[in-house]
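Visitor: Listed below, chain by chain, are the residues.
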Amino acid sequence: MATKISIWDLGIIKTAIRDSFLKLNPRHQIRNPVMFTVYIGSLLTSGLFIQACLGTGEAPASFIFAITLWLWFTLLFANFAEAMAEGRGKAQAQALRKARREIQAKKLAKADKNAKTILVPSASLRAGDLVLVETGDFIPSDGEIIEGIASVNESAITGESAPVIRESGSDRNAVTGGTQVISDWIIVRITTNPGETFIDRMIALVEGAKRQKTPNEIALTILLAALTLVFLLVCATLLPFSFYSVGAMKAGKVISITVLVALFVCLAPTTIGGLLSAIGIAGMDRMIQANVIALSGRAVEAAGDIDTLILDKTGTITLGNRQATAFIPAEGVNVETLANAAQLASLADETPEGRSIVVLAKEKYGLRGRDLVELGATFIPFTAQTRMSGANLPGRQIRKGAAEAIESYVKDLGSSVPFSVQKSVDAIARQGGTPLVVAEGKNVLGVIHLKDIVKGGIRERFAQLRQMGIRTIMVTGDNPLTAAAIAAEAGVDDFLANSKPEDKLKLIRRLQAEGHLVAMTGDGTNDAPALAQADVAVAMNTGTQAAKEAGNLVDLDSNPTKLLEVVEIGKQLLMTRGSLTTFSIANDVAKYFAILPAAFAGTYPALNALNIMRLSSSNSAILSAVIFNALIIVFLIPLALRGVAYHRMSATRLLRSNVLVYGLGGLLVPFIGIKIVDLLLAFFGLT
Amino acid sequence: MITGIGLSQIALYFLVLLLCVKPLGWYMARVYEGKACGLDRLCHPLEKLIYRLCNLRSPQEMNWKQYLSAMLIFNLFGVLAVYLIQRLQIHLPWNPQAFPNVAPDLAFNTAASFVTNTNWQAYGGESSLGYATQMLALTVQNFLSAATGLALVIALIRGLVQHETSHLGNFWVDTVRSTLYILLPLSLVLALILSSQGLIQNFKPYPKISLLTPLRYVQAKTDAAGQTLQDAKGNPLMETIQSGTQELPMGPVASQIAIKQLGTNGGGFFNTNSAYPYENPTPLSNFLEMLAILLLPAALCYTFGMMANDKRQGWALLLTMFLLFLPFMSVALVLEQKGNPALAAMGIDSVAEAATYPGGNMEGKETRFGIINSALWAAATTATSNGSVNAMHDSFTPLAGLVPLWLMHLGEVVFGGIGSGLYGMLMLVILTVFVAGLMVGRTPEYLGKKIEPYEMKMAAVAVLLMPMIVLLLTGLASVSPLGTHSIANPGTHGFSEILYAFTSMGNNNGSAFAGLNANTPFYNLVGGLEMLLLRFWIAIATLALAGSLVRKKRIPSSSGTLTTHTPLFIILLLSVTLIIGALTFFPVLALGPIVEQLMLWGHYGY
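Order-wise, the sequence lines are chains L and D.
According to the numbering used here, the first sequence holds residues 1 to 687 in order.
According to the numbering used here, the second sequence holds residues 1 to 606 in order.
Because the hints were derived from the structure by calculation, they are not lab data.
Quick reminder that beta carbons are idealized off the backbone N, C-alpha and C, glycines included.
A portion of the hints provided could be inaccurate.
Claimed, not checked - Derived DEER-like restraints, expressed as beta-carbon distance ranges: (1) D/11 to L/657: 48 to 54 Å; (2) L/493 to D/571: 31 to 37 Å; (3) D/349 to L/657: 33 to 39 Å; (4) D/51 to L/653: 51 to 57 Å.
Claimed, not checked - With the C-beta cut set under 10 Å, the calculated list includes, among others, these residues of chain L facing chain D: (5) 72; (6) 76; (7) 144; (8) 148; (9) 149; (10) 153; (11) 216; (12) 220; (13) 306; (14) 514; (15) 517; (16) 570; (17) 582; (18) 596; (19) 602; (20) 658.
Unchecked claim - Think about it this way: if two alpha-carbon atoms lie no more than 27 Å apart in a straight line, the pair counts; the simulated BS3-like pairs of lysine-lysine are: (21) D/35 to L/213; (22) L/506 to D/553; (23) D/48 to D/35; (24) D/233 to L/253; (25) D/552 to D/35; (26) D/35 to D/311; (27) D/233 to L/250; (28) L/506 to D/48; (29) D/48 to D/311; (30) L/213 to D/233; (31) D/48 to L/213; (32) L/364 to L/506.
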């Protein structure tokens, strides 16, 4: 998955060339109103060419032939652009198809490992069926684990080779068809019917087969269709105007249909019209390159509109685990004593916090980890009742835990927390850290400062987002004090502290009511309502089926910061459309200067003054414009597939640079391009 | 070269205009927001009385469909009334010249023309309409068509500003307030000042006076139905007339001229419009009438800014309009001042001398007004959809004649018709915002309202229908004898005349390249339908757009939002306006005025 495919991949180009001819089918052409008019025009000139060959043509057969040829090329180039984009998607889909191969499933009669199993093909499984998957088996279809735990190799869809743990009753109970169990066994309840699985949907989406036009694309199509209609009339009415002029001047010939069709095709927004669907498909493709599956094209586009990001603190802004950063001993206690006790209490503690305490003690005070068994120690694990953990060594009881827990622990032993420790606890909490108090017996030794570590570079990222006009809101279950400290350190614009899952939903609703477009990430089942409510919801692939169903994008890397890339891809998609539309329309100015004098100079020689490109002859001028119009589509294919360069900057600056490049560029480039084509035509004596 | 006096006149004109924008714009915003505006004591009881007479006790908020139906029904009755009054004028009082009833096709054309704020005149005022028709039919519609335009733009502004509702205001209230608080007081003041300058206001029959020296002139021969007779070659038959007496047309002129200028109507009391001394006697009256052309359309931009709670938006649009207007006006000024090479070849000095000699191309111009005031008027009257004239556009040099043509081709958005100019410009803003919004990577929005497929459809219809209809009809007329028969000047100029006629009617402007005989059943019927279709089709699109926008949420702006008041946006809006106008009309302009000018220059060795 997510293999980088070069734009110049030969295999894709070959298929695309074949497809560009197949796409000449009128049923395909009619879907794109702009190109369909070109299609009709090409048919018309083809007919005129045949008529000319039969000896009664309105213009020399060779001229009509050249124009007709290049009109068909225009269509083929547009088809080619679309086929290229689809080809790239198909290449991605190929990898997915391998995962979809027929799998023999062990269908269970009831949810019991020892129940009778029957072997059935995976394609016959329906939602609600139960299957047993054991070591080495492929998971036959999407579902959720209802019993068991297993490590699963999901590289077929994520490209990540390290296996992941999937278990029942957790937020990691979703499994995807086509992935392989590499240890243990699970009982899976199938959740999708054949043909609707995650992989099926991915294949359909990346191939562009199921691509529906997004609202923005529809709006643009309306504009382009309206412009096309106007240009159609502009060209059609030139015929009566030409009649009138020839009649009034008694000179020249009435403009030929061939020239009118040529002028129309040049004026119609064929550049953007031909590339529009390629741009849309390529946008999806870029999402896939980023290892994000868009479950609808709409979501990709909406990502560009987001103005508020809701980010979970843990895992997104911070590294996900608190780490010990300092030991603060109680008055009269040696810091080494505290470090030693803290390390002993944490040796068997496999939580990231526990490990970080061991590491800190080792790095700062040279205390090497010791083996608990050698010490004859027993580990006291954390329980929800005691809210402490620790170790019992011969003659020593070491405990660490939240301040209140230790306080009640030592109180029971007839002691109390010293004032100095209380002060340290408050100070740490104020700084947004988590204080962990260490006690040996009834003596409180001091405090461990656990701190959330903000991810490197995230502050800069948020600053850029702010420039792009996107507000970030951090959501955390921490108390407001801690939350504020992290928020300040990470540079988010706002935070929601003490939040419960339902608060997230409320926050999103409130923001949406204010008119904001909200994006969020989530993985747990309790995130599902909020994901469903958010305008753009990125579900983690490691998340539950419910979360994946609720989201409209799935991040295969399960990386919450991916949201930022998603926004950029969305913006890039819209920008590519806008820039090429501007370019396409700006192009028309030059084409007028090429074709009008050529078409009417016979009647009005004075109009030659408008031939500012000094094109060699009338026929060459018209042909050059048509050739340029066709070739520009090919030249812009890489841009359509890659998207225009996106820089994180304010809307005003972005607009200025894009207007300069695509607006002014679009005005000037064709003057140069048409002149070059004309010179080449003249050089090879083709006019 | 343009003289210093000429330049200072232009500068004074813009200065006074700009000084009026803010107070008048403020006043109109207060009127439409129903706040105290200064005239309440006078107008409020009248307003109440009107509502009571109309059985409109407590005006309800309307959604877009209700607003639209009210507007359409109101205007339909307007068409019927104007038509009937013309058809029955012989039976009406105040017809001292006993003008007969107007022919059906002409009456339809005139009814369509005045209801749509076009004021295209296929009739000659002083030779075919009685005073009752002028006052009851035409002057009334001058007020009501302007009030309709104002109501429409206010509804669109409400659509942009209000959110999550379906209310656009009440059409009857907006129309009554537009007339009572804005149009009537301004017209009253202007009419009084103008009559002090010599505009007449009476109900007298036309007096016949003896000329000191007999007058000889050549005019086209007409048949009994008023149609120009043509020779075998299609050229009009001319006859020489000698006359020792002259009839002086009279009438209630001042009251009609004030609103004609203020309401971007433009339909003159007399056939020669504001070139006629009784309609525009002095430099001061000329200045005021010219000021009145741009006054309300310019001030509406400020009203928009106030109602949108963001005055920068209003100023941005006004600036865009000025930036479009100035180069067009300058081209007309410079070319007219430069004169006609054909005249120069005859040894006529085209260089102006301050205060004594106007120089330039004086053909078709009043010597009282000269080059500057004629060209400035021509630009102003076609930039807005006014269409009144004080010089004959037909006689401008070809490229200077292109200026009024192209200003109309832009869709009458440079100041534009009263109300319709601003809503036309807002449609272009929506197109611009759409393209520009895409270029910054966001679904486009304007004033916090998202532009989605429905909005795009309506804006596209509003902007692009006009060029299609105008081109289609010009094409039809240029190859049909029905169309070409009316041409006075053959060749490219005749083509420009046809183009000008359909452009003027299609954009509800009403000015004319007068060489064309427009009073034929073909031009009357087709033109009448064109005026109605484009005026109301665009109005429907506008209201539908307002209805869709008003339901939307307002998206709060951020630095990722495209700002719509910056110089960059103004440049973009300018470019979109010009490019759409150029791309749609460049070919037809090239075959009309452009090639005519090129041939003229070519002929005289430029």
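Visitor: Hint by hint, note whether the structure agrees.
Guide: Hints versus structure:
1. The hinted range of 48 to 54 Å is not satisfied by residue 11 of chain D and residue 657 of chain L, whose Cβ atoms lie roughly 37 Å apart.
2. Range check, residue 493 of chain L to residue 571 of chain D: Cβ separation about 32 Å, and the 31 to 37 Å hint holds.
3. For the hinted restraint 33 to 39 Å between residue 349 of chain D and residue 657 of chain L, the CB-CB distance of approximately 52 Å leaves it violated.
4. Remark: the range hint 51 to 57 Å for residue 51 of chain D to residue 653 of chain L is upheld by a beta-carbon distance near 53 Å.
5. With 10 Å as the threshold, the beta carbon of residue 72 of chain L stays out of range of chain D, its nearest partner Cβ sitting at about 25 Å, so the hint is violated.
6. Taking 10 Å as the C-beta cut-off, the interface hint given for residue 76 of chain L is violated, the closest approach to chain D being about 26 Å.
7. Of the supplied interface hints, the one on residue 144 of chain L is violated, with its beta-carbon coming no nearer than about 36 Å to a beta-carbon of chain D, more than 10 Å.
8. Look at residue 148 of chain L: its Cβ only gets to about 46 Å from chain D, farther than 10 Å, so that hint breaks.
9. The beta carbon of residue 149 of chain L comes no nearer than 44 Å to any beta carbon in chain D, farther than 10 Å, and the hint placing it at the interface is violated.
10. Interface hint at residue 153 of chain L: violated, since its Cβ lies 38 Å from the closest Cβ of chain D, which is beyond the 10 Å cut-off.
11. The interface hint given for residue 216 of chain L holds, since its Cβ lies 6 Å from the closest Cβ of chain D, which is under the 10 Å cut-off.
12. The beta carbon of residue 220 of chain L is positioned within 10 Å of a beta carbon in chain D (closest approach about 7 Å), and the interface hint is therefore held.
13. Evaluation of the residue 306 of chain L hint against chain D yields a held restraint, the C-beta minimum of about 9 Å falling below 10 Å.
14. Annotation: residue 514 of chain L was flagged as interfacial toward chain D, and the flag holds, the nearest CB pair being 6 Å apart, inside 10 Å.
15. Because the beta carbon of residue 517 of chain L sits about 7 Å from the nearest beta carbon in chain D, less than 10 Å, this interface hint is met.
16. The criterion of a C-beta within 10 Å of any C-beta in chain D is met by residue 570 of chain L, whose closest approach is roughly 7 Å, and the hint holds.
17. A cut of 10 Å between beta carbons decides the hint on residue 582 of chain L: the least distance to chain D is about 6 Å, and the hint holds.
18. Checking residue 596 of chain L against chain D: minimum C-beta separation of about 5 Å stays under 10 Å; hint holds.
19. Hint on residue 602 of chain L is violated. Least Cβ distance to chain D is approximately 12 Å, over the 10 Å limit.
20. Taken as an interface hint, residue 658 of chain L checks out: its beta carbon lies about 4 Å from the nearest beta carbon of chain D, inside 10 Å.
21. For a cut-off of 27 Å, the pair hint linking residue 35 of chain D to residue 213 of chain L is broken: about 46 Å separates their Cα positions.
22. In summary, the hint linking residue 506 of chain L to residue 553 of chain D is supported, as the alpha carbons are separated by about 18 Å, within the 27 Å threshold.
23. Restraint check for residue 48 of chain D and residue 35 of chain D: satisfied, since their Cα atoms lie roughly 15 Å apart, inside the 27 Å limit.
24. Between residue 233 of chain D and residue 253 of chain L the alpha-carbon distance is near 22 Å, which keeps this suggested pair within the 27 Å criterion.
25. Distance check on the hinted pair: residue 552 of chain D and residue 35 of chain D sit about 26 Å apart at the alpha-carbon level, within 27 Å; holds.
26. Of the supplied pair hints, the one linking residue 35 of chain D and residue 311 of chain D holds, its CA atoms being roughly 18 Å apart against a limit of 27 Å.
27. Distance restraint check for residue 233 of chain D and residue 250 of chain L: the Cα-Cα separation of roughly 14 Å lies within the 27 Å cut-off, and the hinted pair is therefore satisfied.
28. Under the criterion of a C-alpha separation no larger than 27 Å, the hint pairing residue 506 of chain L with residue 48 of chain D is inconsistent with the structure, at around 48 Å.
29. A hinted pair counts as satisfied when its Cα atoms are at most 27 Å apart, and residue 48 of chain D with residue 311 of chain D does not qualify at roughly 31 Å.
30. Proposed proximity of residue 213 of chain L and residue 233 of chain D is contradicted: the alpha carbons are some 58 Å apart, above 27 Å.
31. The straight-line distance between the Cα atoms of residue 48 of chain D and residue 213 of chain L is roughly 52 Å, outside the 27 Å bound, and the hint therefore fails.
32. A distance of roughly 45 Å separates the Cα atoms of residue 364 of chain L and residue 506 of chain L; the hinted pair therefore is violated under the 27 Å criterion.
Figure legend: structure checked against the earlier numbered hints; hints not met, in rising order: 1, 3, 5, 6, 7, 8, 9, 10, 19, 21, 28, 29, 30, 31 and 32.
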